[in-house]
Structures are given as structure tokens and as C-alpha cells.
Amino acid sequence: MIVVIDNYDSFTYNLVQYLGELTGDVRVFRNNQTTPGEIRAMQPAAVVISPGPCTPHEAGISAPLVAELAGHMPVLGVCLGHQCIGAAFGGKIVRAPAPVHGKVSEVRHDGRTIYDGLPNPLVGTRYHSLIIDRDTLPEVLEVSAQLADGTIMGVRHKHALVEGVQFHPESVLTAAGKDLLRNFLRLAGVSVNDRMHTAERRTQGAVGGLQ
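Under full-length UniProt numbering, the first residue of the sequence shown carries the number 1, and numbering increases by one thereafter.
By construction, these hints were calculated from the structure, which means they are not laboratory data. Here the structure is a predicted model, which means the values were calculated and not measured. Some hints could be false.
Simulated crosslink set (BS3-like; lysine-lysine; CA at most 27 Å straight-line) [said to hold, decoys possible]:
#1 K178 with K158
#2 K103 with K92
#3 K158 with K92
#4 K103 with K178
With these hints in hand, go ahead and build the complete structure from the sequences.
Have a look at this one:
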């Protein structure tokens, strides 16, 4: 079972759809509907923290849940969920140089863990006005992805399977977004639907041949 924490965002069910296609077993809880202890007691295979319109401090259990689960259960944070990872370990969340809404950017990554086998740079779709402050990045986190100007687009816990992405892998404009989610699930030890992956590759190849 995969648990998704919904931070009251329209993108949450795009994530749920992708995860459902990959695993078929997803449960969704609003960020004020449960507690970190209750989530841990469910023993999900992994937890995904969704995007949202607020700050980490306004996102219910999201940041405390990261702190509770790190080292015990795999966690992936998307957009606000990514910022919650930074905040959970003591990083500051600050205003981005400019807010972006549906902007497609080249994201450079380190090719490890969730980025294994993905294009580099990766085309990522961004909807955010806040970022993790690089100057206060917690010691337990490392930058896994960034823009050309150094703006953090991904963080990774150094000792636990906790990953954050500032961009939206569930957006149709993000290249290989489902592959990123697939990589995370595999790292978490989740059985993934590879038949759909093969069908997607065949479709992409057929479309490419027509261009």
C-alpha cells in the first residue's frame, strides 16, 4: 500500500492516478485527517506527500510526518511535499526569485536513486513561489537536482530513503515523470506494473516514428 498525503491540491489526484497505474494500491488522506503515528501504524510501503497551495507550517501533518518516518519508511515529497522535507530537518523555506506557474525548466540532476536512467537535464514543470533556502540546507540533506542558477529542485536524505522534488513529475509536461515515480517505488521495494511501462515505451516509439 502507498499512502498519499493530500495537501488540498488539484495535482494530488494526478499523482494518485500515476501511482495507481504503477501499483494499484493507493490510499489518500488529507493533511488534517490523520496523525503521523496512525500513518506509521498502517505500515505502508511508502508515503508520498503532495503539492499544495500553502507553506510547510500550514500543511497539517506533512512536515512532522517526514520527521516521524525518516529512516523507517520511504518518503517522496512533491513541490510543497519537497519543501516539507527541508522544513522537517530545520531548513528555511524562502521566496523564490520569481513565482512560476506552469513553467517548464531544464532540471540538472545527479543521476542517482530516483533519477537513475532519466534524461539529464530533465524537463520539469514548475508551479511554486517558495523554495528550500540553499544557505540553510540541513546537514542530513543533499542537493540531488537543481536549475542552472543553483535553485534547488531536488533533495535527498543522506541516510534514509527520503526524496524531494520541487517540480511536478505528475505533470504531462514533465519528461519521464512516471519513470521517476517508478524509480522511487522500486527503491521502496514496491512491485511495479512493468507491462504498462512496456506498452508506454511502444507507444512512444510509434509516435516518434511518425514524426
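Evaluated hints:
1. K178 with K158: 24 Å, holds
2. K103 with K92: Given that 27 Å is the threshold and the Cα spacing comes to 23 Å, the pair holds.
3. K158 with K92: 18 Å, holds
4. K103 with K178: The given pair, whose Cα atoms are some 19 Å apart, holds under the 27 Å limit.
The structure agrees with every numbered hint stated previously.
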